[in-house]
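Go by the hints and put chains B and C onto chain A.
Chains as they are written, first to last, in the numbering used here: chain A, 1 to 349; chain B, 1 to 336; chain C, 1 to 351.
You may find that some hints are simply not true.
[Stated by the list, open to error] Straight-line C-alpha distance at most 25 Å; calculated DMTMM-like pairs for lysine to aspartate or glutamate:
1) C/Lys305 / B/Asp134
2) A/Lys159 / B/Glu229
3) A/Lys95 / B/Asp134
4) C/Lys39 / B/Glu229
5) B/Lys115 / B/Glu298
6) B/Lys203 / A/Asp148
7) A/Lys164 / B/Asp116
8) C/Lys168 / B/Asp134
Keep in mind that the hints were calculated from the coordinates and are not lab data.
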Amino acid sequence: MKSLQKRRMPAFVYRNITFLVAVFLFIVFFGLGSALFTNFFSLQVFCNLLIDNSYLLIAAIGSTMVVIIGGIDLSVGAVIAFCNMALTYMLSIMKMPIIPAIMIVLCIGSLFGMLHGWLVTFKGFQPFIATLAGQFIARGACYLITVDTIFVDNPLIVKIAIFKFRFFGSFISIGAALALVMIIVFQIVADNTQFGRNVYAVGGNEQSANLMGLPVRRTKFLTYTLSGFLSAVASLAFMLYVLSATGTHGDGLHLDAVASAVIGGALTSGGVGLIAGTLFGVLTQGTIRTMITFQGTLSSWWAKIATAFLLLLFILIQRAIVTNRERSRVAKKVEVIDPVPAAETQGVG
Amino acid sequence: MKKACFILLGLALLCQSVFAGGESEQTGPVSRKKDKYVVGFSQVGSESEWRIAMSTEMQEAYAAHPRFTLIFSDAQQKQENQIAAIRNFIQQKVDAIVLCPVVATGWDAVLSEAKDSNSPVLLVNRTANTVGNDIEKYTACFIGPDNIYAGEIAAQALIDAFAKEQGPINIVELQGTVGASSAVDRGTGIHNVFGKQNKVIIKYSQTGDYTRSLGKQVMESILKSAQAEGVKIRGLLAHSDNMALGASQAIAEAGLKPGVDIKIVGVDGVRGAFEAMAEGKYTASVENPLGFGNKTIEIITDILDNNKYPGEWWVKLKNDVYTEANAKAALPNRKY
Amino acid sequence: MDKIKALLRRKEVLSIAALSLLLLFNVFFTPGFFSLELKEGHFYGSLIDVLKRGAPLMFMAIGMTFVIATGSTDISVGSVAAIAGAVAAQMIGGDFSATAGTAASSLTPLPLAIGAALLTATLCGVWNGFLVSYLGVQALIATLMLQVAGRGIAQLVTRGNVITMYYKPFFEFGTGYFLGLPICIYVVLAVALIAYLFSKKTSYGLFLESSGSNRSSTRYAGIKVQTMIWIAFAISGLMAGIAGVLIASEVKAADANNAGLNYELDAILAVVLGGNSMKGGRFSLAGSLIGALLVQALTTTIYMKGVPAQTILVVKAVVVILVGIIQTTNYRKLLARFVKKQPSEAFEVGK
Numbered sequence: 001m002k003s004l005q006k007r008r009m010p011a012f013v014y015r016n017i018t019f020l021v022a023v024f025l026f027i028v029f030f031g032l033g034s035a036l037f038t039n040f041f042s043l044q045v046f047c048n049l050l051i052d053n054s055y056l057l058i059a060a061i062g063s064t065m066v067v068i069i070g071g072i073d074l075s076v077g078a079v080i081a082f083c084n085m086a087l088t089y090m091l092s093i094m095k096m097p098i099i100p101a102i103m104i105v106l107c108i109g110s111l112f113g114m115l116h117g118w119l120v121t122f123k124g125f126q127p128f129i130a131t132l133a134g135q136f137i138a139r140g141a142c143y144l145i146t147v148d149t150i151f152v153d154n155p156l157i158v159k160i161a162i163f164k165f166r167f168f169g170s171f172i173s174i175g176a177a178l179a180l181v182m183i184i185v186f187q188i189v190a191d192n193t194q195f196g197r198n199v200y201a202v203g204g205n206e207q208s209a210n211l212m213g214l215p216v217r218r219t220k221f222l223t224y225t226l227s228g229f230l231s232a233v234a235s236l237a238f239m240l241y242v243l244s245a246t247g248t249h250g251d252g253l254h255l256d257a258v259a260s261a262v263i264g265g266a267l268t269s270g271g272v273g274l275i276a277g278t279l280f281g282v283l284t285q286g287t288i289r290t291m292i293t294f295q296g297t298l299s300s301w302w303a304k305i306a307t308a309f310l311l312l313l314f315i316l317i318q319r320a321i322v323t324n325r326e327r328s329r330v331a332k333k334v335e336v337i338d339p340v341p342a343a344e345t346q347g348v349g
Numbered sequence: 001m002k003k004a005c006f007i008l009l010g011l012a013l014l015c016q017s018v019f020a021g022g023e024s025e026q027t028g029p030v031s032r033k034k035d036k037y038v039v040g041f042s043q044v045g046s047e048s049e050w051r052i053a054m055s056t057e058m059q060e061a062y063a064a065h066p067r068f069t070l071i072f073s074d075a076q077q078k079q080e081n082q083i084a085a086i087r088n089f090i091q092q093k094v095d096a097i098v099l100c101p102v103v104a105t106g107w108d109a110v111l112s113e114a115k116d117s118n119s120p121v122l123l124v125n126r127t128a129n130t131v132g133n134d135i136e137k138y139t140a141c142f143i144g145p146d147n148i149y150a151g152e153i154a155a156q157a158l159i160d161a162f163a164k165e166q167g168p169i170n171i172v173e174l175q176g177t178v179g180a181s182s183a184v185d186r187g188t189g190i191h192n193v194f195g196k197q198n199k200v201i202i203k204y205s206q207t208g209d210y211t212r213s214l215g216k217q218v219m220e221s222i223l224k225s226a227q228a229e230g231v232k233i234r235g236l237l238a239h240s241d242n243m244a245l246g247a248s249q250a251i252a253e254a255g256l257k258p259g260v261d262i263k264i265v266g267v268d269g270v271r272g273a274f275e276a277m278a279e280g281k282y283t284a285s286v287e288n289p290l291g292f293g294n295k296t297i298e299i300i301t302d303i304l305d306n307n308k309y310p311g312e313w314w315v316k317l318k319n320d321v322y323t324e325a326n327a328k329a330a331l332p333n334r335k336y
Numbered sequence: 001m002d003k004i005k006a007l008l009r010r011k012e013v014l015s016i017a018a019l020s021l022l023l024l025f026n027v028f029f030t031p032g033f034f035s036l037e038l039k040e041g042h043f044y045g046s047l048i049d050v051l052k053r054g055a056p057l058m059f060m061a062i063g064m065t066f067v068i069a070t071g072s073t074d075i076s077v078g079s080v081a082a083i084a085g086a087v088a089a090q091m092i093g094g095d096f097s098a099t100a101g102t103a104a105s106s107l108t109p110l111p112l113a114i115g116a117a118l119l120t121a122t123l124c125g126v127w128n129g130f131l132v133s134y135l136g137v138q139a140l141i142a143t144l145m146l147q148v149a150g151r152g153i154a155q156l157v158t159r160g161n162v163i164t165m166y167y168k169p170f171f172e173f174g175t176g177y178f179l180g181l182p183i184c185i186y187v188v189l190a191v192a193l194i195a196y197l198f199s200k201k202t203s204y205g206l207f208l209e210s211s212g213s214n215r216s217s218t219r220y221a222g223i224k225v226q227t228m229i230w231i232a233f234a235i236s237g238l239m240a241g242i243a244g245v246l247i248a249s250e251v252k253a254a255d256a257n258n259a260g261l262n263y264e265l266d267a268i269l270a271v272v273l274g275g276n277s278m279k280g281g282r283f284s285l286a287g288s289l290i291g292a293l294l295v296q297a298l299t300t301t302i303y304m305k306g307v308p309a310q311t312i313l314v315v316k317a318v319v320v321i322l323v324g325i326i327q328t329t330n331y332r333k334l335l336a337r338f339v340k341k342q343p344s345e346a347f348e349v350g351k
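Pulled out of the complex, with its shape left as it was, chain A reads as follows (with noise of 0.2 Å):
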């Protein structure tokens, strides 16, 4: 494998190469703020992140995993809408316990996500399609709900919410806590099982996993329903971040979910991703609006622009970095003539 490539790097380096280029800008980002503003370079700052973008980083497990696969979930803020509404109406206002209702908005989740996976792979629609229609259902069942705002009023919720684990001074949430305990076990799952295997290989090149043998259809079936199901426990984190359910919440999440896919080294092209690059892509993004926060003079139009330039540097010098790398896959995965190392199809780096 060495020898096809002109580079002498490590393995481990040469395969992970976006993911570590990430991580390196992410650190680097952090530094700038750190270097310019007082009081970011603590502790805290890395905490609250993950605090504030902990449903982000649940949902973007499922749009990661959805985007190795060649697809795209544009439902994702839609569906956390909805979970969120239909749990905090259900604990509120119809009272019922804890347990239940959580049970029945997993399945709720999970049900957006088999109509995706239903529609993608049986009936054949494109993916933007599909979880369009899917967040549109989402979006305006949120307003059959109730057009009003309404909020939890259950007093161990509230308790779960403000609750802090404590360490080194600093602080995070249950629902941050929740967030890397996620990001852990699908790390597990995508690298160690069959099924993981499966949606790299199927993102990868479907026509080789099919003549391979692979269950094509069912491992994109799953997928998506994944990703409904994982908005789904993002959902949870959501409400107790926020403790109220409207309409409007998590408006535009789904391209952030990608973003922060993208960032940690994904490809929308298929194949490639890492979940551990996707905690990376939505940290990035904290600290770039941390930043913004922090500098404190700018106006709404020249956050925008800030947010969407720095955003754009990151891009830049990861592309710069990985260029030879990307060459080879911007042409579509449909030539089975281009020599494709059998370690890429994996989906690393």
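Structure of chains B and C alone, referenced to chain A:
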């Protein structure tokens, strides 16, 4: 592979904790008087002219006070962003926090963190509440208008415009963004007043989402439906001026005269409304008061210098009504 | 018989059918939808509204068709429209003279203002194209950045204000009529015609379809794929610019926040409903235009029925799913199942 991730993550955490300071400050001495104050302001977004005017006014007021520095954060209308912004303010160790909450609930966690950090929180323009109904424990005050009252005087202004006519008179209500507290409150006020009489009736009611173009689009469709059903629309009551301005274009394009054939009343008091009133194309506008900049500076100074809290939790701001009569005179003074 | 079959197999059939169904529905259930009168020398009615309101969407759908034909997406069109509107408004100026109620003149000559707006929009498209084709940034991310920054730039141009314009000649584009029909419709048709000729009569269209279908073989055939993609994005930017100027002209104001908001989703929807595939390849401009009319007709119908606005989303979703299912159902396969034994599905990979 995953081992590497964990190692990296662990290293990062370890590094940070070694170099960082802790958060173990307890409540300090009672007087927090300082030479200079840093105030963090979390604004809803920049979704309308009025909102932008509010932000500009805040920034200008603080710029004029050398003792105060304003950290401005725009949430792009997302509650999640505002919660994160407040956490950042706490992390930046600001002296006070000013918050214009995009929705009314869900602030419990972050307000309790703010309380722990001993920075007073002031609510402006939109109010909020906590689960335990004890928002006053967590915030110093709420500076803002009474939107129910605003709705009531707007409704009354429209009814008065038909004082010389016989009923029944059909009008259209253009609502604000669904679920926004201002829309809910103004709607309540409007229905309070309309419920007390039955000469003027709200025949059609739809949301215009506080935007000019949707106001226009919805009005177009309503005018056509009304025509098909043989209903004559005589008035328009919009929760915001820019929706009304959009709708008045639809009215003009339908061959009717805005302000004459259909009387128009809006809320906010934006410049466009004044210009229209000066031309007789608009009937009245209820002002949405500004002045948050100086008011917050005044109250924060009181709290931090003298440990004196405002008497009433709700610092009410007045709504003025402007009609065709006094609009032209007031026009040169309208900054936005 | 063969000719009819060939006609039925065209991409646009489904969208035309869906639109016809919707109109049929309106005939029975929506009073007043089809009423047309003559007011002030022009036609007035819901049908005219659909055309007028749908015009910006139709422009964007034209541009989006080119981008989707390459297999990419452009989600920045809404923001680019806002920028274009802002530039035009800033150059025309919101001068208000209380006596006339209209501005005597605009700050810069009208053609210059509109030209500047369109140029800015096209440059945005060029920027996107540069990122995607030369730097290899994924289309979704590249256009996402402009979507975020774009509104900021638009607000920068207008200094955060909503600029209300009073210069009458500018409004002709959005609200004027010619021979009874809205002027914007003529412009849409003209632009669509130019786009059609460009794609069918020049080699560009062919190369574009080819790049979308199979990028590497196109490259091996010696065609510069990068240029094709770059031009597609430039066109998308230009179209978004025209749409933005139209919106500003129609609302008589430049609202940097709300102009063109969420149009990108409707544009993509319109293109797909028109029978185009997001994977790229062969495209149909007519299909996209009909798709745009379908989306707009749907919206107008819902407003007319007084249905709460939030329901629009669900209805749109249902329509999209239904049309999609019909589009992707392989009728020949269905028929074949009845005629002969089902061939092995070993090579059937997710369509």
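For each hint, the structure was consulted:
1. About 43 Å separates the Cα atoms of C/Lys305 and B/Asp134, which puts this hinted pair outside 25 Å; it is violated.
2. Of the supplied pair hints, the one linking A/Lys159 and B/Glu229 is violated, its CA atoms being roughly 55 Å apart against a limit of 25 Å.
3. As the CA atoms of A/Lys95 and B/Asp134 are separated by approximately 22 Å, the hinted pair is consistent with the 25 Å bound.
4. About 18 Å separates the Cα atoms of C/Lys39 and B/Glu229, which keeps this hinted pair within 25 Å; it holds.
5. Straight-line distance between C-alpha atoms of B/Lys115 and B/Glu298 comes to about 21 Å, which keeps the hinted pair within the 25 Å bound.
6. A hinted pair counts as satisfied when its Cα atoms are at most 25 Å apart, and B/Lys203 with A/Asp148 qualifies at roughly 22 Å.
7. Between A/Lys164 and B/Asp116 the alpha-carbon distance is near 13 Å, which keeps this suggested pair within the 25 Å criterion.
8. Taken as a hint, the C/Lys168 and B/Asp134 pair is broken in the structure, with Cα atoms around 55 Å apart against an allowance of 25 Å.
Hint violations for this structure: numbers 1, 2, 8, all remaining hints satisfied.
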